[in-house]
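Undergrad: Chains as they are written, first to last, in my numbering: chain A, 1196 to 1553; chain B, 7 to 273.
Just so you know, not all the hints are guaranteed correct.
What the hints assert, rightly or not - Far from chain A by the CB rule (all over 12 Å, computed), these chain B residues: (1) Trp-41; (2) Val-95; (3) Arg-98; (4) Thr-139; (5) Thr-161; (6) Asp-163; (7) Val-205; (8) Glu-228.
Unchecked claim - To give an idea of the chain A side of the interface with chain B (calculated C-beta under 7 Å), a few residues: (9) Glu-1252; (10) Phe-1255; (11) Gly-1266; (12) Pro-1284; (13) Leu-1425; (14) Pro-1428; (15) Ser-1432; (16) Val-1433; (17) Thr-1468; (18) Pro-1514; (19) Gln-1529.
Unchecked claim - Okay, the calculated beta carbon distance ranges per label pair: (20) Ala-270(B) / Pro-1238(A): 41 to 51 Å; (21) Glu-179(B) / Thr-1327(A): 50 to 60 Å; (22) Gly-1225(A) / Arg-114(B): 47 to 57 Å; (23) Ser-1407(A) / Glu-117(B): 48 to 58 Å; (24) Arg-1466(A) / Ala-35(B): 15 to 25 Å; (25) Ser-240(B) / Val-1328(A): 52 to 62 Å; (26) His-1479(A) / Ala-270(B): 41 to 51 Å.
Simulated from the structure, these hints should not be mistaken for lab results.
No residue lacks a Cβ here, since even glycine has one placed at the ideal position from N, Cα and C.
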Amino acid sequence: MTEQGASLRVAPGGGRLTRRARALLFVPSGDDARLRAAFLACPDGDELGAVGAAVVEAGFDVPAFVALAWGPQLRAMAFGEIDIETDQPTMPMLSGAGSRTWVEHTTAQPTAAVVEVNAEGAGESTDLEIGTVPAGGFRLELGRQGIAAVAAAAAADDVDDVEVVEVVDVRTELQAAVDADVTLPPIDPASLLPPEVEVARRDSFVEARQCSSGHASAPTAAACEVCGELLPPGQASVVSVRRPSLGRLQLDDGGELELDEGLLIGRHPERDTDPERATLRRVHVDGEKVSRSHVAVRLQGWEVLVADCGSTNGTFVVPHPGTQVVTLVPDQAQLVEPGAVVYFGSRSFVVHGRKQES
Amino acid sequence: MIVLLDDDTVPTSNAEVLADIAAALETIALGVVQWGAATSTGLRRAINEDVWGHRENVFTVADGMGGRGGGAVAARIATDRFLDAAVAVPRRATWHDIVVAVSDEVSRAGEAQAMARLGTTLLAAVVEGSIVTLVHLGDGRAYRGNDPGRLELLTQDHDVRSELLAAGLDAREYRERGVALHGLTSFIGLPVDVLRVDVIAVPVRAGDRLLLCTDGVHRHVEEAHLRTAMGSISCQQAADRLVAAADDTGGRDNATAVLFEIGAVAQ
């Protein structure tokens, strides 16, 4: 749809301004590649969300920027030392300075709006519809006509929404609705991998919060799981790290197994051909009633899961000292915590968590 | 003849020993002592495609997809059919097979109404004494917590971002290549050969609370709110507040929370 009512004037400068149909991204200086990629790759209407996600993923290590999206609402987002000025009474100015994260504001249904960032020297209205131009600032004028048209279209959409619920067999309308839906189609993660890439399971990443000593803890942890230091709350401090060891298993013969990757424990686990267990490290444990592949230990995020592999004699878990024994259903994962004891055949192991440093 | 019991006569099968211990512990029974649920359309969408469900000892949340009512249909069908199968005594199929049957039904309903690509996430919790079994597809999340403010994420999102993370790949690189990281890798409505169901048994103790929520809650609500929900206020109040908190952040999505508390119940 052509946005007749949006006039964009660009001021000269060394930054970059990227425009989409109803959104723009302005980065006054620095490398905008990551933000621009996110801004351009998402479906219409998701631009600000996509940029926000890219900022979080980059650990907030991005240059200052302004992102705007308009339609029935005007949404503005500012990060870093940069200010947005508008003629809207609810949002005279929006500044990214002084916030560790970005600042966002939405004005409901403006009839017209003018938005400026460093607009001094802005030239003629550009006909840029999609693409990137050098810029030092801009002035965006959203005309009464353009916004009214968009708002009317959105209102018409809303009416459709309500009608369709009641008349679910209006096939053509529904199909069009389904086709227009922004829900993302399923993607097989395997298809994303270049064929030559061997996924190294030891290098699994997890989201984590780090203490000042650099220990990684679960993102929901209130205190460092290693040294006990209090961790700052909020998503801003969450980073992606290589998963640390989640603890260890202590076998009844004194042997120890590090929980730094998934394990397949049995009398002859090397003979296992189940593709679901292909990535697990084989651990040979002798015992009379131990099956060839007896128990699988998997790491999921920050949790340790055990599952019986359809063994002859079964696997039993005492989840906490003094609690009821649980008989595992074959191939069904059971979450275990430090202190849990897992019995398999004539053998057993105790689950130990991560050590506290003394 | 008197047989003296010495060490040799102690049963050596772990199964027997454990059965004895289990019998001794049978006297304490755990179950749901209180629960609450709340859902909101949010401020930006016309239809609530989230559905929560509760029957007997089973709780569910589902977030439908498929545009303008289709998603709500998918979430409703999946919730009802799953609950039917989950509370049937005796349970006739494995959780995986139940989910496959539900998924088939949702696909067929979509075809019947010419709604292709109909789907829904599904997250269910089945409470059986000291074990809560989670059945999970999509990006709903289950958290466990208790009063002192412990909070734990029990599920892994079935989305591209989590898969890349788990595989040790840099999600940013894929985003730059135009891959939508929020794309779901498993949900109800997919054919059986690509359907992935996580079934996780979680041990619980008296005082534990479990929260099931859709992405409208866990993507938008501050962690501090999740922590508060795990104690001090009733489950219903907590569910209401979580959903209100999601709306307060802009109400970009439908938001649904189901919360229940485990405690000692009469046998």
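Undergrad: For which of the previously enumerated hints does the structure constitute a violation, in increasing order of number?
TA: 4, 5, 6, 7, 8, 10, 11, 12, 13, 15, 16, 17, 21, 24
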